[in-house]
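If you read the protein sequences in the order shown, they are chains A and B.
With our numbering, letter number 238 in the first sequence gets 238, and the count goes up by one each step, no holes.
Going from the second sequence to our numbering is simple: count from 1 and add 1000.
Since the hints were made in silico from the structure, they are not lab data.
This structure is a prediction, so every number in the text was calculated from the model and none was measured.
All C-beta atoms, glycine included, are put in the ideal place defined by N, C-alpha and C.
One or more of the hints may lead you astray.
Said to hold, decoys possible - Covered by chain A, per the in silico footprint, the following chain B stretches (three or more residues, Cβ under 8 Å): (1) 1011-1021; (2) 1061-1075; (3) 1091-1105; (4) 1114-1120; (5) 1128-1142; (6) 1156-1163.
As the list claims (entries may be wrong) - Ranges of calculated distance between the beta carbons of each label pair, as one might list FRET restraints: (7) Arg1071(B) <-> Arg280(A): 37 to 45 Å; (8) Ala1173(B) <-> Gly254(A): 53 to 61 Å; (9) Glu1249(B) <-> Gly236(A): 33 to 41 Å; (10) Asp1298(B) <-> Val105(A): 52 to 60 Å; (11) Glu249(A) <-> Gly1198(B): 51 to 59 Å; (12) Arg265(A) <-> Arg1289(B): 56 to 64 Å; (13) Gly50(A) <-> Gly1198(B): 40 to 48 Å.
Protein chains: 2
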Amino acid sequence: MNAHDRIEEALLSALVLGSLAPPAAAGAADPAGCPPKLQAAVRHAVFPGGARIRPQLCLAVARACGDSDPRLTDAAAAAIELLHCASLVHDDLPCFDDAALRRGVASVHAAYGERIAVLTGDALIVLAFQVLAHGAEHAPQRLPALVSLLARRVGAPTGIVAGQAWECEPFVALPAYHRAKTGSLFSACTEAGALAAGADPQVWQAFGLCLGEAYQVADDIRDVAFTTDLLGKPNGRDLALCRPSSATELGLSGAIAHFDQLMARAVDAIPPCAGAAALRALARAESERLVPQATVRDLALAA
Amino acid sequence: MNAHDRIEEALLSALVLGSLAPPAAAGAADPAGCPPKLQAAVRHAVFPGGARIRPQLCLAVARACGDSDPRLTDAAAAAIELLHCASLVHDDLPCFDDAALRRGVASVHAAYGERIAVLTGDALIVLAFQVLAHGAEHAPQRLPALVSLLARRVGAPTGIVAGQAWECEPFVALPAYHRAKTGSLFSACTEAGALAAGADPQVWQAFGLCLGEAYQVADDIRDVAFTTDLLGKPNGRDLALCRPSSATELGLSGAIAHFDQLMARAVDAIPPCAGAAALRALARAESERLVPQATVRDLALAA
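Please build the complete structure, drawing on both the sequences and the hints.
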């Protein structure tokens, strides 16, 4: 099965595990007894997805490390994507970004209200750990390290929740903010891929962190260079919300050069392994997807 | 060590594990790099606690089952209390109960703002699973079942998150609502206590569910019979928010009689075991703490 299908299947299985998949017949009562709005909102938050780059990265690293427990790899990849979806739902809340659009459609709070959006994020975090536990039922030896890793990369003191909390502080250490807000979950992907395959996660951390930093810069670039339509969410938010942005700081061309450097550093950080070529190809494809020649680089040159 | 000290110590260890304990010197920068408001808000949500009845129940059942892995028991008890604290923080948010008081002091959103309150709940959920994983590092065999249990009792389709989500539906099945909102986490306590001790959780579920139902009724009674001062949070909220309440439905005396029946059923549901007498004593003490003779029963008789 290719990576894309494997990830979508793992996410669908996750929703089935949490009794959050749609009832067999549309309009039928849910036999599991889940409140219908919560069920619909969780599905809305997970499907259809974006690029699913985080679970792809987790899978790619697990494969590079031999993928000795594919069921656990799938669980780790799905858990990371669920945690990512949870952070998007809570980030979009009125008290944070107050974003009405996400992935080209209504954000969860815009579609289902603020209360259901808070609960959807909560349910997704809980489901992520449930999925991980389910994937390790047959062989629990790797579970404590995987749960600890995801918790550290998502929670306090330096995970994505902490990254978001830096936005509530009067003084922000920018590198700590960026690393927590984006880098942490990217390093979770590479480290979890290794852990699920029984390999040493440590040597995979730098690859994830560099990629995460590159993604943060790409996000800044796209916020400036993409239309709202292309972006699937409102553009120009960094300037509007006075958020730190490398595109504002370095200019569009400067930010693109910085992005290219970070992607090169990420590729250099791939440890020697059988799957290194595939990982380099993934990084190249992501580079073009994130900062495309036609819409961004040519635009920057013309400016 | 007595149960009270064991629980406070387990919760303090949990905050240390999450780098959320206070820095050694007051006013010193946090070496772990946690955003200060998030760190302070998490501590505010956990200390000082309420009656800690949920972790007490978990500990009591584990002891009744032999408490063969005390480190795991402590982790399970702390995880459940952290999940309970998370649900209180999110329940108090402006979009839900909009409560300014909790346990006699400012609620987290009143003290630290709405954004930090959302993130505090998220961080506490994540920390709960981290604590569980840490407690199982030396012997991971019981971890998958424990993580799955807590996830089911907290998340969708029938955990406390789902219970809260029923408040967003136009039609609510009352028994499903009560069972999800209160019963689920109480049954998590008894089941997790058994699981942590390597015993069968199934036979312990009814005891937890009956206790949870009794607590829901006690909550309704206290909302009517207690002053805001005694309650530590605003009283009369059920009527103000048009929430279903057994005190409104049955009258104060009727609700007290119903509470007594539920506590009697809970005691009857204790499986035969060495610790049964201690569990019966715990239930009796809780009964008097929740619905005290002097302030509630005498009041109902006088009415």
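Numbers of unmet hints, in rising order: The structure conflicts with hints 2 and 9, although it agrees with all the remaining ones.
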